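J.: Position in the sequence shown counted from 1, then plus 312, gives you the working numbering.
I should point out that these hints are in silico values taken from the structure, not numbers from a laboratory. A portion of the hints provided could be inaccurate.
[What the hints assert, rightly or not] Quick list of simulated restraints, FRET-style, between CB atoms:
hint, residue 1, residue 2, range
1, S339, R500, 47 to 55 Å
2, R381, R467, 34 to 42 Å
3, A571, R500, 33 to 41 Å
4, D541, A492, 29 to 37 Å
5, R379, R454, 13 to 21 Å
6, G419, S359, 13 to 21 Å
7, R500, A321, 19 to 27 Å
8, R439, A492, 36 to 44 Å
9, R439, E561, 30 to 38 Å
10, I334, R439, 34 to 42 Å
11, R470, R575, 39 to 47 Å
All figures in this text were calculated on a predicted structure; none of them were measured in a lab. Positions of the beta carbon are idealized from the N, C-alpha and C atoms, including for glycine.
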Amino acid sequence: MVNHALTPAQTAAFHADGFLLIPDFFSAAEIDALGRVARADEARLLSFPYTSRDSQGRTTNLFVWDRLRDDAYSAYARHERIVQPWRQLLGGDVTYFHHKMMLKQPGTEGSWEWHQDYGYYYKNYLRPDMGGTMIAIDPAHRGNGCLQVLRGSHRHGRVDHARQGNQSEHETMADSGRVALLIERCERVYCEMQPGAALFFHSNTLHHSEPNPSTEPRWALITNYTRSDNPPFQAREDWGAGFDTWNTEQVSDAVARHADRQRAREGAAT
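All chains should be built: construct the whole structure from the sequences, respecting the hints.
T.: Okay, here's the thing in structure tokens:
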């Protein structure tokens, strides 16, 4: 196995800040291949999305998987280049939780309110020994609503979450009073990313994104994990099970298979 370990300085930065942004984590060729597959899947991804409605009733879309499959997105969720760092950051073996494609289309009006992932996952696992990796497929910057995080906010523990305003029935946001106090105390960081950059963030790190008023899409793949010894709570029986990690060659092969199936479907349709 190739060593994909983080440096001691990177690990220390994650524990201090609650996130770690690594530019060029994946090569241009790798992200180009993943991006081509995702664009070819665009109609399918947008046909059955998980639609989030913010407190003002504005919407944004994502596509969520909670099981691993033989496709490009699951291959990245298995990628040892992502999983090995999470073993370091969470202090033990990890298991897959879910993965999702964030689909911030041009002119998207919806935002993601301030929240912690563990604000949602609290109902599934007993401890916040969890985290996610965002992989930029498109450039992310202030102009298209890049992710914002509050540095060190994870050290303040879980904040209560509840529906506010016109949020979707399945959506909640962190308590606005506590968020306001933490914004005063924690540095707000705009996670501007080029394609191939990876953002590792703790499940208690407060984060938020604005609408995408630009003419460019902002797509990203997010993979989520928990420590293997984190007891599932009111969860599916298969949550917490182990999973095989894949090396770079295996991931590339899976992306190529996905692309081959797309071309075969296109050929059959003509």
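J.: Hint by hint, which ones does this structure get wrong, listed from lowest number up?
T.: 1, 5, 8 and 10
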